[in-house]
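Enquirer: Sequence:
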Amino acid sequence: MLIQQTLSQLRMLRLNAMAEALEHQRDRPALHELTFEDRLGMLIEIECQARDTRRIDRLLKQARLKVSAAPEDIDYRSSRGIDKRQIASLLTGDWIQRGQNIIITGPTGAGKTWLACALGLQATRHGMTVAYRRLPRLLEDMDIAREDGSLPRFRAQLQKTRMLILDDWGVSKMTARGRQDLLEIIDDRVGMLSVVITAQMPVTEWHVYIGEPTIADAILDRIVHNAHRIELKGDSMRKQSKI
1159 MLIQQTLSQL
1169 RMLRLNAMAE
1179 ALEHQRDRPA
1189 LHELTFEDRL
1199 GMLIEIECQA
1209 RDTRRIDRLL
1219 KQARLKVSAA
1229 PEDIDYRSSR
1239 GIDKRQIASL
1249 LTGDWIQRGQ
1259 NIIITGPTGA
1269 GKTWLACALG
1279 LQATRHGMTV
1289 AYRRLPRLLE
1299 DMDIAREDGS
1309 LPRFRAQLQK
1319 TRMLILDDWG
1329 VSKMTARGRQ
1339 DLLEIIDDRV
1349 GMLSVVITAQ
1359 MPVTEWHVYI
1369 GEPTIADAIL
1379 DRIVHNAHRI
1389 ELKGDSMRKQ
1399 SKI
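The numbering of the sequence shown is our numbering, which starts it at 1159 and goes up by one.
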């Protein structure tokens, strides 16, 4: 009777994984030979693992990453131009703690979005908030938010995100309003929050793409000089996956 009361209290305290593990221990006589401290430690570890899993699942749902990609599956073939030591350093998450950025460039299909999403997944494992946005769609959404009066709330939500992935940089024409909105987004993050940018266009062409020299200088100064660069090479990974 006491064990049922304990199980009920554990569930009331939302320690569901611990409750299930305790029931599992009851059905495993071999575990009864362990000390009380060892069995309690096992229960606590299982509860912590379950909470970590739920936390990561919640962060991933909020991130809305475009593709399912994991760091363990990164293709390090030399032809792709990926420095394994650089990636290992980035996977620690220290660059996010320092408010630094990442710029991933390369041809169509080289795996830029995939790699950005793998880094996003790793950030959630470190308990950090992540958001994936295509830059053209983000600027459109800001226009809509401006029209309906929700722009301050929209920007506040972006500021709560430790790692913002801006995919498809340079694929659509930059408008005057888009330049200003982009500057505001980047300026809100300088030195505190991180940006990951993926682009087919090399960084040397970004100034011309943004257009207005003063704003272009301001945006690039806030991004490029505090960024880790990854230049992907090789044939399209999409074509290779069909072989």
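Some hints could be false.
[To be verified] Here are the simulated lysine-lysine pairs, DSS-like style, with alpha carbons at most 30 Å apart:
#1 K1242 to K1224
#2 K1318 to K1391
#3 K1318 to K1219
[Stated by the list, open to error] Have a look at the derived ranges for each label pair, beta carbon to beta carbon:
#4 D1306 to Q1162: 51 to 61 Å
#5 R1186 to R1313: 50 to 60 Å
#6 K1331 to L1218: 29 to 39 Å
#7 S1226 to L1171: 54 to 64 Å
#8 H1386 to H1182: 41 to 51 Å
#9 G1199 to V1348: 39 to 49 Å
Derived by calculation from the structure, the hints in this document are not laboratory data.
Virtual Cβ for every residue (Gly too), placed ideally from N, Cα, C.
Enquirer: Evaluate each hint against the coordinates.
Expert: Comparing the hints with the structure gives:
| no. | hint | in the structure |
| --- | --- | --- |
| 1 | K1242 to K1224 | 23 Å, holds |
| 2 | K1318 to K1391 | 33 Å, violated |
| 3 | K1318 to K1219 | 15 Å, holds |
| 4 | D1306 to Q1162: 51 to 61 Å | 54 Å, holds |
| 5 | R1186 to R1313: 50 to 60 Å | 53 Å, holds |
| 6 | K1331 to L1218: 29 to 39 Å | 32 Å, holds |
| 7 | S1226 to L1171: 54 to 64 Å | 33 Å, violated |
| 8 | H1386 to H1182: 41 to 51 Å | 44 Å, holds |
| 9 | G1199 to V1348: 39 to 49 Å | 44 Å, holds |
The structure is inconsistent with the numbered hints 2, 7, although it conforms to all the rest.
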